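Asks: Chain by chain, the residues:
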Amino acid sequence: MRLFRVSNASLYTPRPVGMLITYIVLIFWTVVVLFPLYWMFVTSFKLPIQVDSGPFYIPFVDFQPSLHAWQYILFGDLANDTRRQYLNTVVVATTSTILVMLIGSAAAYGLARFHYRPRLGMIVAFILCVLLTVVLAILRVPVQFGILIGVALFVIAMLTIVKRFHRSLGNNDIAFWMVSQRVLPPVAVVIPIYIMFQQLKLLDTWPALIITYVAANLPIVVWLMRDYFLTIPIELEECAAIDGASRYRTFWSIVLPLAVPGLVATFLFVLVFAWNEYLFALFLTNANAQTLPVSIAAQNATRGPQWWYMSVLVLIMILPVIIMAILLERYMAKGLLVGAVKG
Amino acid sequence: MKRKLALSKLALSILAAFGVAVLMLAACAAPAAQPPVVQTVVVQQTVAVPQTVAVPQTVAVPQTVVAQQTVVVQPTAAALPYAGQTVNIITFTGPQIAEPLQRRAPDFEKLTGAHVNVVTVPFADLYQKVLTDASTGTNSYDAWVFDPQWMGDFVNAGFVEDLTDKVKNDKDLQWDDVAPFFRDFSATYNGKVYAIPLDGDFHMLYYRSDLLEKDGLKPPETWDDYLTIAAKYNGQDLNGDGQPDYGSCLFKKKAAQSYWTITDFAASMIQSQGTGQGAFFNTDNMQPLVNNDAFKKALQLYKETGKYGPPDELNLDVGNTRGLFTSGRCALSIDWGDIGSLAIDPATSKVQDKVGAAILPGSKEVLDWSTGKLVPCDAKTCPYAINGVNHAPFAAYGGWSGAVNANSKVKDAAYAFISYMSQPAQSNVDVTIGKTGFNPYRTSQFLNREEWVKAGMSPKAASNYLGAIEDSLNSPNMVLDLRIPQNQYYQQVVLDQAVSQYLAGELTEEQTMKQIEDAWNAKTDELGRDKQLAAYKASLGVQR
Amino acid sequence: MDVAKTTSVAQVQVVPRRARTDQFSTASFILPAVLIILFLSIFPLLVSLYVSMSRLQFARGGVELNFVGLANYAKLLVGIDQTRFLGKFGTPNIFGWLVLGLVALGLAYWIVQYIRTTRVTAIGLAGRLILAVFAMSLALLTVLTLADGGRPGTLWVTLFYVYVGIAVQYALGLLLAYLCAQHIPGRRFFRVVFLLPMMITPVGVAYMFRMMVDTSVGPLAPLWVVLGLRDVSWVNNPWTARGAILVSDIWEWTPFMFIVLLAALESLPTEPIEAAVVDGANKWQIFREITLPALLPVSTTLILIRMIEAFKIIDLPNILTSGGPGTATESMTLESYFVWRALDVGGSAAVAYLLLFVVTMVATAYGVLVRRRVEVEY
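Protein chains in written order, with my numbering: chain A, 8 to 350; chain B, 5 to 548; chain C, 1193 to 1570.
Misleading hints may appear alongside valid ones.
Keeping only pairs whose Cα atoms sit at most 35 Å apart, straight-line, the calculated DSBU-like set for lysine-lysine is [to be verified]:
1) K1280(C) to K377(B)
2) K377(B) to K1267(C)
3) K1280(C) to K307(B)
4) K208(A) to K311(B)
5) K439(B) to K415(B)
6) K300(B) to K1267(C)
7) K300(B) to K1280(C)
8) K222(B) to K307(B)
9) K1267(C) to K307(B)
10) K535(B) to K1280(C)
11) K311(B) to K1280(C)
Sample of chain B residues facing chain C (criterion: CB under 10 Å; computed from the structure) [what the hints assert, rightly or not]:
12) D157
13) A260
14) P315
15) S504
16) G509
FYI, nobody ran anything at the bench for these hints, they're computed from the structure. Bear in mind the structure is a predicted one, so any value in this text is a computation, not a measurement. We treat Cβ as the ideally placed atom computed from N, Cα and C, and that holds for glycine.
Generate coordinates for the entire structure from the input sequences, incorporating the hints supplied.
Replies: Quick look at the structure:
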């Protein structure tokens, strides 16, 4: 019985003509991908006058390279800021990604294996209670009281009114709702979120960004991992259940190890999203927790974009991610939405 | 029974989760950004405890300028008035503006004991951050490097501290040394001082002095002259690299700085009776001054410069045009003070000593406000004309100034730092260094050529550059940038978009002017015409 | 929503329930995610909704929001901002009317066909009618704004970016994935390299492309001169400007499609293909009859995810052209951002909510039309 799909099945090895065409296309696209990056690399060694005077392509041949940009960013005036921002980016991105993987995978597993039937009534009651809490907060009632009142009302509603409404939603609705969270552009919600964290006194701290990124990236993890979990045969888990293992045990010890490829690929995706996020980082941080994307955008100052500094920052930003991609690449082939393919 | 238990189980679990979440958040709410710890120290109102020593300085120009220099006596521990206080000041990521603040912060700390923390954010988002911080009551910043245009919104909302008294009692600041325009208009609102200038922002004309000299031409005095000269040099190779270059390079990119340039063209036709007349609205009824022959001519002139400029001029912002000019590819350009200092640095320029600066071109015709038509310049219509030409140098953006957050807990220390940065001892050095981004705004700065020569300008270039600054700053007809509530909407959204559409050929002149007029009027009515009129008049008013 | 009804019970396999504690344990899997998303989304959503119906003003001590009902929306749809949002309407020629007629007929046919099926529900019919109206208005908008004297607004430009962008990204990603799925030396190298564009922060990509497409000092400048285009710039023409943005967008996001499709291709079972080869099918036939249908479920999910992200495009038009020339390259999110920057938070939220509405419509239409055809197994 085939328990796993071994993924090294490629279609077949092409004939020489096919090989030639293949390589032409692939190498063409490689050049297309790498050339802008090369240009950035070269720009990081240019003086302003060399950038403004027209394209110079090769250091030492076309123009005399200068280390001024690297010096400024890594050792000079901006060095302290760069170091701090780098640390912030690393901490915030990895922490939020690990958290979101844990929470998201659990949710994805739940959506793949269990029948959820949240009652519409309960959801409506919940929304109304949150609305009430918000209104109370606007009316200057302390946040904690507002929350307690909201919770109390919700419990009461649950025990009384909600019972009357039987219509419920299903897994698909939950999944669709989750993905719909990504629709609204951040610019519309950034101020309310700012106010929320301000009330909680979490502005300019790591937790603010971590929580925001977890919430923002959960839908992606849930969608990607759910499809993956659906491909893992149920028999193993049934055996485990018969043997008396709890759901958690089954999930942790049996399903997750099987899903490592998918987990790794999703991890990389989400890490990239968190690593590169700009708008929330701009608004929820000041000096202490500022991350690198903000620094890149900041290089567009009143003097115009400082291309040389920007290039340095972009390069040092993508370096760790590239390294991680190289290391994790072997897992990615087997991961990602394998399950939706019927076989 | 079973169902009820099941429900309450679920409800209980949700409740538990809620509670845990709340507890967690409350417990973990570790404020990393501590509000400044304020130690109440009884201090005098004035700054530090210096002794003022008058040091006469003779400079290498036929003018003897006596500059006051503040010599600070070595302070003892007891004389550190702000010991233990932290001042958080926010500005945009430098090195411009931020670098001198960061460089001088330790000196200030040694003098006064206050620790200055310079926070930087991207330039495009500075306003939003300051506004969000102030309007939500977060107040993480004690001082802002402030654009005087923001006064329109900030003062009315009570965010900015009134500095009039502090300035009056601050001898070291040498308030009278600040050029009248910045002192009486930029820094004040409704007669009160709200910001201390650190930098003088206004547009000037830049030209290739070597080219004009060779051909015996004078720098353009009117915009028609500008076009003539631009046409002459367009297509020639101006920097010896074998490629044809451009007659005029202007920043026309949308949502960048283009909405100031159009005012450069229009202002000298609209304002001729002095700064207090204003160039944007009619001071009787708040009607926009954008639907008339002057503005129409300005649009046409603006568009025509495109014939003599780079093909992608519509996508060039000020960084691009500066680069083009300093690499020798433009005969004429407009800029703030930056080209002057960028031109002398070989890392950024190929035109060292080939750059001249002059007051913005003007016009020989001005607008009759009642008829909307252009009338020729004479003694009555253009009292400040030079050679029959009405000049109206435009103080675009206003010049970075330091302002104090009215809700700060360390207002005195914050004010002291801003004052320190503006005092001649510091400021006069900083304005000569290109990378500080500080352009001259004090009379002593452009009279003292010596510092500039020391910084690398040739004496001739220094005279020319500073002379142009002096002409602009001394002009009684300088144009104040718009400072009414929500001026960003008027300028950055409406004006900028309409002009951009006009340049792209989407609208005709009439359509453009009408679009601006309608949108401006709609906004004015929405905010209250009387309120806006009062604010506009307040922004133009001056009291000594 | 019909997607919910296609739940095929057999696939969501339920391990047999034991006790009541079971309900807790199953709930606990999904509860943290649901709670986190709820807390951080409900509040901002509701506040934004309120803000979209108000206007901001400064007053003593802070800001005040004055409720104005639907005025912000009216401004966008029928008021001052209509030409920016919807576009300027021209007069269509005969071809335009023809297209409109065809679309109307097609939609009518679709609705009639539904009515004639046996399982007609009120909600189903109402939903389809709404979708039809929406599709018709989009078609109308397209024809009117692309006609003589017309000019598309941000709504249309955003849809243009999304559809053309995704189409090209998908095709390109599929091509690259197909080629990389073959047994050729160096596969792994290509796989890593092709992943790179996605890993750069979008703001960085935008600035990078601003350098690249600069026709006077950028790296492609000599090419431009050789082609005789020295005095021509892509920034002046609306379509070339949009093209520049599309090129950058495609460069940046093709890896997303590529990596997912590659994984899917590599995990396809080989038996059907081997059987087909034995039967004498050629490469193209195998691809069209076997591979493509097998990839359809993956593709639909992939396109849905990418579509939702693509609607929010902002960095590229902002940094490359600031939405210019005029308003030719401005997307809805960019319009929302510009307006927000000028303190019109109400107008900005209104644009954002209209975007939400459009995306919901499109995603629903997508779900109804496409995914029903595909045997999606949940």
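Asks: Against this structure, judge whether each hint is valid.
Replies: A quick look at each hint next to the structure:
At most 35 Å may separate the alpha-carbon atoms for a hinted pair to count; K1280(C) and K377(B) meet this at roughly 31 Å. Our distance criterion of 35 Å between C-alpha atoms is met by K377(B) and K1267(C), whose separation comes to about 33 Å. Between the alpha carbons of K1280(C) and K307(B) the distance comes to roughly 23 Å, so the proposed pair stays at or under 35 Å and holds. As the CA atoms of K208(A) and K311(B) are separated by approximately 55 Å, the hinted pair breaks the 35 Å bound.
Under the criterion of a C-alpha separation no larger than 35 Å, the hint pairing K439(B) with K415(B) is consistent with the structure, at around 29 Å. Taking the CA atoms of K300(B) and K1267(C), the gap is near 27 Å; set against the 35 Å cutoff, the hint holds. Distance restraint check for K300(B) and K1280(C): the Cα-Cα separation of roughly 23 Å lies within the 35 Å cut-off, and the hinted pair is therefore satisfied. A distance of roughly 23 Å separates the Cα atoms of K222(B) and K307(B); the hinted pair therefore holds under the 35 Å criterion.
About 30 Å separates the Cα atoms of K1267(C) and K307(B), which keeps this hinted pair within 35 Å; it holds. The hinted pair formed by K535(B) and K1280(C) meets the criterion: a straight-line CA distance of about 34 Å does not exceed 35 Å. With a C-alpha separation of about 27 Å, the suggested pairing of K311(B) with K1280(C) holds against the 35 Å cut-off. A least Cβ separation of about 5 Å between D157(B) and chain C falls short of the 10 Å threshold, and the interface hint therefore holds.
Hint status for A260(B) relative to chain C: holds, with the closest Cβ pair at about 6 Å, below 10 Å. With a least beta-carbon distance of about 4 Å to chain C, the hint placing P315(B) at the interface is held under the 10 Å criterion. Evaluation of the S504(B) hint against chain C yields a held restraint, the C-beta minimum of about 6 Å falling below 10 Å. Restraint check, G509(B) versus chain C: the minimum CB separation of about 8 Å is within 10 Å; hint holds.
Checked against the numbered hints above, the structure violates only hint 4.
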